[in-house]
Amino acid sequence: MSTTTAAATPDVSAADDRAVVRALVSLKLRLLRNGLRRSPGRAAGFLVGTSLGLLFGVSAAVGMVALRGHAGAADAAAVLTAGLAVSWAALPLFFFAGDESADPTRLTMLPLRPRALLRGTLLGSLVGPGPLVGLLLLIGAAAAGGQGAASAVVAVLAVPLTLLLLIALTRSVAAANARLLSSRRGKDFAIFGGLLFALLIQLGNLGMQSGFQDPKGLDLSVLHPYAAVVRWIPPVSAIDAVRSAGEGAYLVAALQLALAGGLLAVLLRWWLRSLQDLMVSGDASTLVETSSVHSGTGSRFWRLLPAGRAGTVAQRHLRYTWREPRAKVALFTGIGMTCVIAALSVVQGWSSVYVIAIGALMLGLQSGNLFGMDGSGFWMVAATLSTRRDARDELRGRVFAVLLYGVAVLLLVGPVLAAVTGKWAELAPALGLALAALGTGVGLGCVTSVYAPYAVPADGNPMRSAAPGQNGVVMLNAFGSMFGVTLGCAPLGITLGVLLISHSPVWPVLPAGVLYGAGMVLLGVRIASGGLIKRLPEILTRVIER
Amino acid sequence: MEATTTPPAVSIRDLWKRFGAQTAVAGLNLDLPAGSFIGLVGPNGAGKTTTLSMVTGLLRPDQGTVLVHGADVWQDPVAVKSRIGILPEGLRMFERLSGRELLQYNGRLRGLPGPETDRRAEELLAVLDLTGSADKLVADYSTGMRKKIGLAAALLHNPDVLFLDEPFEGVDPVSAQTIRGVLTRYAASGSTVVFSSHVMELVESLCDWVAVVNAGRVVAAGPLDQVRGETSLHQAFLGLVGVREDDGQALGWLGGGHR
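Same order as they appear, the protein sequences are chains B and Z.
So that you can map any letter, position 400 of the first sequence is 399 in numbering that gives the first Met the number 0, and since no number is skipped, the others follow by simple counting.
So that you can map any letter, position 75 of the second sequence is 74 in numbering that gives the first Met the number 0, and since no number is skipped, the others follow by simple counting.
One or more hints might be untrue.
[As the list claims (entries may be wrong)] Some but not every residue of chain Z turned toward chain B, in silico, with C-beta under 10 Å:
| id | residue |
| --- | --- |
| 1 | 58 |
| 2 | 59 |
| 3 | 90 |
| 4 | 179 |
[As the list claims (entries may be wrong)] Covered stretches of chain B (in silico footprint by chain Z; criterion: 3 or more residues with CB under 8 Å from a CB of chain Z, positions within the stretch not fixed):
| id | stretch |
| --- | --- |
| 5 | 28 to 35 |
| 6 | 143 to 152 |
What the hints contain is simulated information worked out from the structure, not anything from laboratory work.
Using N, Cα and C, we set each Cβ at its ideal position, and we do this for glycine too.
With the rest of the complex left out, here is chain B (with noise of 0.2 Å):
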């Protein structure tokens, strides 16, 4: 009892709190480890990670180190650095909701002061591979920029205190995510999160096309404009004060570094009161507000849906396409970025119409994991499953929910961009070719559900696609998928070109298309009907997560 009194005293603040920061860094370190013995595989895989992560690390940090003397290599620092910022604030938003010794809510039964939880979780969160990489970068990114010893003793300062700032802005980003994510609005703006997400890649991916297409030398001098405005926001400013230093201008580098110090501290309170905030606020054990759900079992659209079991559980997977927010996020990320790529397209002068036909793949993406969103509430199906024509009836409901919303998006972007692009003759070709795209990836995606499905957890991320240890599952369905619709619809595609050269007239594809489409649905929804029966424990075992 000693003990314990000793400690409730709080005049033994100091010691215990290093004491707090020490424990919290080594759990992260035992979590890891545990994390990594738990499988052969994962631990081989986060080894070739690490590795791939480590050789990037070097090799970018040597390329940077090789541009010093060039004439935009501090710009190109400054845009590296801004990259980094805005990749490891998007990091939680994808990866790593894993990371459970960041997770305060484990440890709220303990006597713990927030500030050394804080100073715990901060020191912990610079162990690993992740951490390790952006500081080679950094240091390449200050060694591009600068010069002489100023720059050196400014650099000294500038790499950890921006290192500390990627982090800092990671776990503010990951707990906003998390308070978000409480409410069902919350749930729904996440989306946007996603969107704004796939919108940002394809900005970089712009940028990168626009300044390194010239092949006759390394041209940096497209990053000057960018790299002038962000050199001035933190975390970068901490970077480009190494240059500024290095060029002598010393009250312009104190000012940089100020920016970032200010920022970590900005950033620290706020981390700090949403520590405190999520420790007391209520978690799934206790009620959260609830709001019922309008049925509308006899509304006219609902009507529209065939009787029966397809008609049925066409209406409850798009209910749950509507109301669960992970399938939510799929969806519509899935529509954003084919938006994206159709207005990027434009903007860029290389659209066409036949840009639906990647839309059109990874809307058909959408039902590689059919009974993944099921979770543990598949028994349900599972056990009014009996026949193989329950079987059949089941995944065409589902078939026919996902071509609903698919058609109807290709059906609505394609007239568009035909008449943005002003090329109305492709747009019967690029709809059938399109069309049997959704159709050979919904046709396929029957057949990877019953084969390779995986559990969508359901715990805080939406983001996060795989339970634990189901990465390689994940993989190998996208993947598998995306190879397979491309080699299934290669036959029309191969017609499609050859009526091309051949200057035919290429209309015929569109019913082609559709003809070609409804027999990949058909055919896959076929296999799978038998596989499906075959395998219902199997597939309740796979996507119920643990």
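Based on these hints, arrange chain Z on the given structure of chain B.
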């Protein structure tokens, strides 16, 4: 009654919590006597979990004060948390630690000396029949094992008051018996146990003091014999929360083999 002479272990005054339009806890007042084995009973949705969360500093109340041995939970959460042990219902734990490591980190984070933590952890693991799985990851534990390792973590620092939310739910009879044994021993030493449950027989056999909660309020509280009177706790409970007997008119189609 002893409770009036010695200061209460937990004192709850005018506690409120609303989730949107729904009021989970509505002005709850309760004094829990020190050194008792206390059962918090109530139907599902009565506000038991919400109350326990607010009492243990896990959920911020909209209004009200909670004192644990005189210390305000929401003024000085660190001091209170170091004196209490908590086993929440949906216990979130570090899944990728082994049971033994989980206890070791709990001890370190609570500021217990290393050797002392190890000694206590080994004893708790042995008593709770977890020694064989001490090096397995918590992620691979069964429900009963999770409750037991959670209980071990809650007892590690020898708290003055132990709060348990549905500690026996989903637990097999063997593990339940083990947990009962540990709790009885702990309570016999003069510490306070507060646990929520809707299994009346369990409360009746374990507790000497009960509080009945319904719709976010305390409808009865006191020593077990006083609350149940002449009937069983089950009967008394149904009377207190106002359950009407089902007349069986609905569900006429059920049973009998007709579709």
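A quick look at each hint next to the structure:
no.: 1; hint: 58; in the structure: holds, 5 Å
no.: 2; hint: 59; in the structure: holds, 4 Å
no.: 3; hint: 90; in the structure: holds, 8 Å
no.: 4; hint: 179; in the structure: violated, 22 Å
no.: 5; hint: 28 to 35; in the structure: holds (count 4)
no.: 6; hint: 143 to 152; in the structure: violated (count 0)
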